[in-house]
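Visitor: Kindly produce the complete structure, drawing on both the sequences and the hints.
Listed below are the residues making up each chain.
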Amino acid sequence: MKNNLHVLRAEKRLSQDDLAKLVDVSRQTINAIEREKYDPSLPLALKIAKVFNKKVEEIFFLED
Amino acid sequence: MQRIIINFSFPYKTTVLIFSAVLIFLPIILIEFIDAKSLIDEEPFLFRSILLIPTFIAMLGFIYCTLGYHFQILRGDELKLRIHLESLNITFTTTLISMFILIFMFLNFSPTLLNYILVILSVIAIISYVVGIEIVKEKYK
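Chains as they are written, first to last, in the working numbering: chain A, 1 to 64; chain Y, 1 to 141.
To be clear, the hints were calculated from the coordinates, so they are not data collected in a lab.
All C-beta atoms, glycine included, are put in the ideal place defined by N, C-alpha and C.
Among the hints, erroneous ones may be present.
Beta-carbon label-pair distances, calculated as ranges [unchecked claim]:
1) F61/A <-> K139/Y: 21 to 31 Å
2) L62/A <-> N108/Y: 47 to 57 Å
3) F61/A <-> I117/Y: 42 to 52 Å
4) E58/A <-> K139/Y: 21 to 31 Å
5) E58/A <-> K137/Y: 29 to 39 Å
What the simulated footprint calls covered on chain A by chain Y, stretch by stretch (three residues with Cβ under 8 Å from a Cβ of chain Y suffice, anywhere in the stretch; the number is not a length) [to be verified]:
6) 21 to 30
7) 40 to 53
For lysine-lysine, the following BS3-like pairs were computed, each having C-alpha atoms within a straight-line distance of at most 25 Å [what the hints assert, rightly or not]:
8) K137/Y <-> K13/Y
9) K37/A <-> K54/A
10) K80/Y <-> K139/Y
11) K47/A <-> K37/A
12) K137/Y <-> K47/A
13) K55/A <-> K21/A
14) K55/A <-> K37/A
15) K80/Y <-> K21/A
16) K37/A <-> K139/Y
17) K54/A <-> K21/A
18) K37/A <-> K141/Y
19) K47/A <-> K80/Y
20) K2/A <-> K37/A
21) K47/A <-> K2/A
22) K80/Y <-> K37/A
23) K54/A <-> K12/A
24) K2/A <-> K12/A
25) K2/A <-> K50/A
26) K137/Y <-> K2/A
27) K80/Y <-> K50/A
28) K137/Y <-> K37/A
29) K12/A <-> K47/A
30) K80/Y <-> K13/Y
31) K2/A <-> K55/A
32) K50/A <-> K37/A
33) K21/A <-> K141/Y
34) K139/Y <-> K2/A
35) K21/A <-> K50/A
36) K80/Y <-> K2/A
37) K47/A <-> K21/A
38) K141/Y <-> K2/A
39) K137/Y <-> K21/A
40) K141/Y <-> K47/A
Guide: Dropping the structure here:
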C-alpha cells in the first residue's frame with residue numbers, strides 16, 4: 001500500500017517523532033509506514049487521518 | 001481479576017530479571033562455601049531449603065517478567081507487536097522442525113539424550129526467537 005504521509009508531514013512541519021507522539025506509536029512505526037514497509041492498522045490509519053484532517057483514502061491508497 | 005492483571009504495569013522488570021538470574025545461581029555459589037556433604041547428612045532439610053527458597057523466588061521473578069513483557073507488547077506499539085508475532089512464528093516453526101530432527105537422531109543414535117530433549121528445544125526456541133526478532137526488524141527498516 002502506498003501513502004503520501006511524508007508530504008503531509010512536511011506540509012505541517014511535523015517530525016516523525018512529533019507525529020508518532022500525536023498518534024501514540026513509536027517513531028519507528030511512522031518511519032516504516034512512510035517507507036511503505038508496514039501497513040498501519042485501521043485505528044492507526046484513522047488517527048493519522050484525523051491529525052491531517054483528511055480522509056484515510058487521501059493518505060493511503062492501493063498500488064496500481 | 002483479569003482487568004487488574006491487564007492494567008497492572010509490571011514495574012521494575014529489568015531489576016526483577018537480574019535479581020532472578022542471580023538467585024538461580026545462588027545455591028551453586030553457596031554450596032561452594034559450605035560443607036555440602038555433612039550438611040546433607042546432618043541437616044537435609046536445611047540443604048533442601050538452600051536450594052528451594054532461592055529457586056522458588058527466581059521462578060516467581062521469571063514468571064513476573066514474562067507476564068510483564070507479554071502485556072507490555074500487547075498494550076504497546078503495533079509495529080512491535082507485529083514484529084513479536086512474526087518472530088514467534090519463526091520460533092514455532094524452528095522448534096517444531098528441530099523436534100522432528102532431534103527425535104529421529106536421538107532415537108536412532110543416542111536414546112539417552114531423549115531425556116534432555118525438552119531442555120534442548122527450550123534453548124532452541126529462545127535462541128530462534130532472539131534471532132527472529134533481529135531478522136524481522138530488518139524487514140521493517
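Visitor: Hint by hint, say whether it matches the structure.
Guide: We went through each hint and held it up to the structure:
1. For the hinted restraint 21 to 31 Å between F61/A and K139/Y, the CB-CB distance of approximately 22 Å keeps it satisfied.
2. L62/A and N108/Y have their C-beta atoms about 53 Å apart, which keeps the hinted 47 to 57 Å range intact.
3. Distance hint for F61/A and I117/Y: a CB-CB separation of about 51 Å, consistent with the stated range 42 to 52 Å.
4. Look at E58/A against K139/Y: about 28 Å separates their beta carbons, and that is inside 21 to 31 Å.
5. Here the CB-CB span from E58/A to K137/Y is close to 30 Å, well matched to the stated 29 to 39 Å.
6. Counting residues of the segment 21 to 30 of chain A whose C-beta sits closer than 8 Å to any C-beta of chain Y gives 4, which meets the bar of three, so the coverage hint holds.
7. Check on the segment 40 to 53 of chain A: 3 of its residues sit with their Cβ under 8 Å from a Cβ of chain Y, so the three-residue criterion for coverage holds.
8. Restraint check: the Cα-Cα separation between K137/Y and K13/Y comes to about 23 Å, which is no more than 25 Å; the hinted pair holds.
9. Straight-line distance between C-alpha atoms of K37/A and K54/A comes to about 22 Å, which keeps the hinted pair within the 25 Å bound.
10. Annotation: proposed proximity of K80/Y to K139/Y holds, straight-line Cα distance about 12 Å (limit 25 Å).
11. Restraint check: the Cα-Cα separation between K47/A and K37/A comes to about 19 Å, which is no more than 25 Å; the hinted pair holds.
12. Only pairs whose Cα atoms come within 25 Å are accepted, and K137/Y paired with K47/A is accepted, the gap being roughly 24 Å.
13. Between K55/A and K21/A the alpha-carbon distance is near 20 Å, which keeps this suggested pair within the 25 Å criterion.
14. Among the hinted pairs, K55/A with K37/A is consistent with the structure: their alpha-carbon atoms are about 21 Å apart, no more than 25 Å.
15. At roughly 16 Å between alpha-carbon atoms, K80/Y and K21/A fall within 25 Å of each other, so this suggested pair holds.
16. Restraint check: the Cα-Cα separation between K37/A and K139/Y comes to about 7 Å, which is no more than 25 Å; the hinted pair holds.
17. Restraint check for K54/A and K21/A: the C-alpha separation of about 18 Å stays at or below 25 Å, so the hint holds.
18. Between K37/A and K141/Y the alpha-carbon distance is near 7 Å, which keeps this suggested pair within the 25 Å criterion.
19. Annotation: proposed proximity of K47/A to K80/Y holds, straight-line Cα distance about 18 Å (limit 25 Å).
20. In summary, the hint linking K2/A to K37/A is supported, as the alpha carbons are separated by about 10 Å, within the 25 Å threshold.
21. For the suggested pair K47/A and K2/A, the alpha carbons sit about 17 Å apart, so the restraint of at most 25 Å is met.
22. At most 25 Å may separate the alpha-carbon atoms for a hinted pair to count; K80/Y and K37/A meet this at roughly 13 Å.
23. Among the hinted pairs, K54/A with K12/A is consistent with the structure: their alpha-carbon atoms are about 13 Å apart, no more than 25 Å.
24. The hinted pair formed by K2/A and K12/A meets the criterion: a straight-line CA distance of about 20 Å does not exceed 25 Å.
25. Proximity of K2/A to K50/A is assessed by CA-CA distance (about 18 Å); at most 25 Å being required, the pair is judged to hold.
26. Among the hinted pairs, K137/Y with K2/A is consistent with the structure: their alpha-carbon atoms are about 20 Å apart, no more than 25 Å.
27. Under the criterion of a C-alpha separation no larger than 25 Å, the hint pairing K80/Y with K50/A is consistent with the structure, at around 23 Å.
28. For a cut-off of 25 Å, the pair hint linking K137/Y to K37/A stands: about 11 Å separates their Cα positions.
29. Distance hint between K12/A and K47/A is fulfilled; the C-alpha atoms sit about 16 Å from each other, no more than 25 Å.
30. Proximity of K80/Y to K13/Y is assessed by CA-CA distance (about 18 Å); at most 25 Å being required, the pair is judged to hold.
31. Under the criterion of a C-alpha separation no larger than 25 Å, the hint pairing K2/A with K55/A is consistent with the structure, at around 15 Å.
32. With a CA separation close to 22 Å, the supplied pair K50/A and K37/A stays within the 25 Å bound.
33. The hinted pair formed by K21/A and K141/Y meets the criterion: a straight-line CA distance of about 19 Å does not exceed 25 Å.
34. For the suggested pair K139/Y and K2/A, the alpha carbons sit about 17 Å apart, so the restraint of at most 25 Å is met.
35. Annotation: proposed proximity of K21/A to K50/A holds, straight-line Cα distance about 14 Å (limit 25 Å).
36. A hinted pair counts as satisfied when its Cα atoms are at most 25 Å apart, and K80/Y with K2/A qualifies at roughly 21 Å.
37. Restraint check: the Cα-Cα separation between K47/A and K21/A comes to about 11 Å, which is no more than 25 Å; the hinted pair holds.
38. With a C-alpha separation of about 16 Å, the suggested pair K141/Y and K2/A falls inside the 25 Å cut-off, and the hint holds.
39. For a cut-off of 25 Å, the pair hint linking K137/Y to K21/A stands: about 21 Å separates their Cα positions.
40. Under the criterion of a C-alpha separation no larger than 25 Å, the hint pairing K141/Y with K47/A is consistent with the structure, at around 22 Å.
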